[in-house]
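A.B. asks: The chain contents come next:
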Amino acid sequence: MSEHDDDHHHPAPLSPVEVRARALEELLKEKGLIQEGFIDAVVSAYENDIGPMNGARVVARAWVDPAYKARLLANGTAAIAELGLGGPEGEHLVVVENTPTVHNAVVCTLCSCYPWPVLGLPPNWYKSPPYRARMVREPRVLLREMGLDLPESVEIRVWDSSAAVRYMVLPERPAGTEGKSEEELAALVTRDAMIGTARL
Amino acid sequence: MTVRVDAAVTAMTGPAAPPRRNGELVFDAPWQGRAFGMAVGVVARLGLEWNAFQQRLIAEIAAHSDAPYYSCWVVALERLVLDYGAVTAEEMEAKRETVRMEAG
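Line by line, the protein sequences are chains Z and H.
Residue numbers for the first sequence, in the numbering used here: 1 to 200.
Residue numbers for the second sequence, in the numbering used here: 1 to 104.
If you're looking for bench data, these hints aren't it; they were derived computationally from the structure.
Glycine residues also receive a C-beta, built at the ideal position from the N, C-alpha and C atoms.
Among these hints, one or two may not hold up.
Label-pair restraints from in silico Cβ distances [as the list claims (entries may be wrong)]:
{"#": "1", "chain 1": "H", "residue 1": "A29", "chain 2": "Z", "residue 2": "V136", "range": "31 to 37 Å"}
{"#": "2", "chain 1": "H", "residue 1": "A103", "chain 2": "Z", "residue 2": "E36", "range": "17 to 23 Å"}
{"#": "3", "chain 1": "H", "residue 1": "E102", "chain 2": "Z", "residue 2": "E97", "range": "22 to 28 Å"}
{"#": "4", "chain 1": "H", "residue 1": "A29", "chain 2": "Z", "residue 2": "E36", "range": "18 to 24 Å"}
{"#": "5", "chain 1": "H", "residue 1": "A29", "chain 2": "Z", "residue 2": "E145", "range": "52 to 58 Å"}
{"#": "6", "chain 1": "H", "residue 1": "G47", "chain 2": "Z", "residue 2": "V64", "range": "33 to 39 Å"}
{"#": "7", "chain 1": "Z", "residue 1": "E184", "chain 2": "H", "residue 2": "H64", "range": "47 to 53 Å"}
Counterexamples of contact, computed for chain H against chain Z with all Cβ distances above 10 Å [said to hold, decoys possible]:
{"#": "8", "residue": "P15"}
{"#": "9", "residue": "G33"}
{"#": "10", "residue": "W50"}
{"#": "11", "residue": "A52"}
{"#": "12", "residue": "S65"}
{"#": "13", "residue": "D66"}
{"#": "14", "residue": "E78"}
{"#": "15", "residue": "E91"}
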């Protein structure tokens with residue numbers, strides 16, 4: 001881990017608060033109150049793990065519990081709250097279900113609205129202008145370029161997120177997973193499948 | 001290393017809520033992310049509820065409403081470790097002096 005990653009050239013003079021923060025970090029490490037690597041792990045958890053794992057738990061629960069799935073599709077915000085998920089901002093989560101004949105995909109054409117309580121931080125491509133424009137204009141072509149080649153018979157529905165409404169895709173449960181536990185199922189669910197740029 | 005972060009950390013609302021952009025936590029500089037992780041780790045290590053830190057953060061923000069959010073965060077965390085006797089004020093001042101010297 002890097003202690004001085006805030007400047008790649010000459011060390012800039014530290015601001016007073018940076019001095020205090022660095023002094024505190026060093027003291028806490030000396031006293032064993034912060035383990036080596038812990039801080040990086042927290043930051044990386046926020047960036048990579050916590051969100052998508054939450055969404056995967058939601059999907060797995062919906063796969064094993066039909067009553068939960070019905071509640072999830074009827075009111076996503078309330079259903080994820082049952083699992084202790086949600087955020088302080090109060091936007092509504094709408095969950096859209098993939099079927100053998102309908103594939104859903106999520107975009108935010110205006111900026112990069114994203115269901116962060118369930119999916120964490122968005123991947124960089126989600127924020128890119130080409131993704132935002134082409135997912136609306138030519139979703140089938142774009143999805144194919146992203147590795148998802150859908151048959152012409154499958155209808156593609158694109159959902160445009162906003163500050164008020166965020167969407168998440170409920171992927172189809174993969175075949176041959178009948179004997180798996182909810183936890184094992186959650187491990188199969190990927191972030192991209194919940195955005196709708198991949199299938200499982 | 002995998003860590004479990006208390007849901008109370010991200011559920012903070014009102015003036016104590018961390019800055020977000022489009023729902024994401026925003027760290028404008030690496031030290032801010034490190035300060036965030038430090039607080040999560042120290043609160044757990046001292047066996048405290050997140051609220052112990054949150055109350056100090058709220059008080060700090062209320063006392064210095066024009067100060068940047070993560071500056072208040074660092075001061076609140078200092079307050080916490082001093083109050084719980086994990087670090088003394090003398091140790092803290094001495095370490096700051098060392099850091100200033102090292103940074104040139």
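A.B. asks: Now, for every hint given, state plainly whether the structure supports it.
C.D. replies: Verification of the hints:
Between A29 (chain H) and V136 (chain Z) the beta carbons are some 35 Å apart, a value that agrees with the proposed interval 31 to 37 Å. The hint said 17 to 23 Å for the Cβ distance between A103 (chain H) and E36 (chain Z), and at roughly 21 Å that hint holds. Roughly 57 Å separates the CB atoms of E102 (chain H) and E97 (chain Z), a value that falls outside the hinted 22 to 28 Å. With their beta carbons about 22 Å apart, A29 (chain H) and E36 (chain Z) fall inside the hinted range of 18 to 24 Å.
The hinted range of 52 to 58 Å is not satisfied by A29 (chain H) and E145 (chain Z), whose Cβ atoms lie roughly 36 Å apart. The hinted range of 33 to 39 Å is satisfied by G47 (chain H) and V64 (chain Z), whose Cβ atoms lie roughly 35 Å apart. Look at E184 (chain Z) against H64 (chain H): about 49 Å separates their beta carbons, and that is inside 47 to 53 Å. The Cβ of P15 (chain H) sits about 12 Å from the closest Cβ of chain Z, beyond the 10 Å cut-off, so the non-interface label holds.
Non-interface status of G33 (chain H) relative to chain Z is broken: a Cβ of that chain comes within 10 Å, the nearest being about 5 Å off. The non-interface label for W50 (chain H) is consistent with chain Z: the shortest C-beta to C-beta separation is roughly 13 Å, beyond 10 Å. Interface exclusion of A52 (chain H) from chain Z stands, the closest Cβ pair being 14 Å apart, more than 10 Å. No Cβ of chain Z approaches the Cβ of S65 (chain H) within 10 Å, the least distance being about 16 Å, so the stated non-interface status holds.
No beta-carbon of chain Z is positioned within 10 Å of the beta-carbon of D66 (chain H); the least distance is around 14 Å. At roughly 6 Å from the closest C-beta of chain Z, the C-beta of E78 (chain H) falls inside 10 Å, breaking its exclusion from the interface. Distance check for E91 (chain H) against chain Z: the nearest CB is about 6 Å away, which does not clear 10 Å, and the non-interface claim fails.
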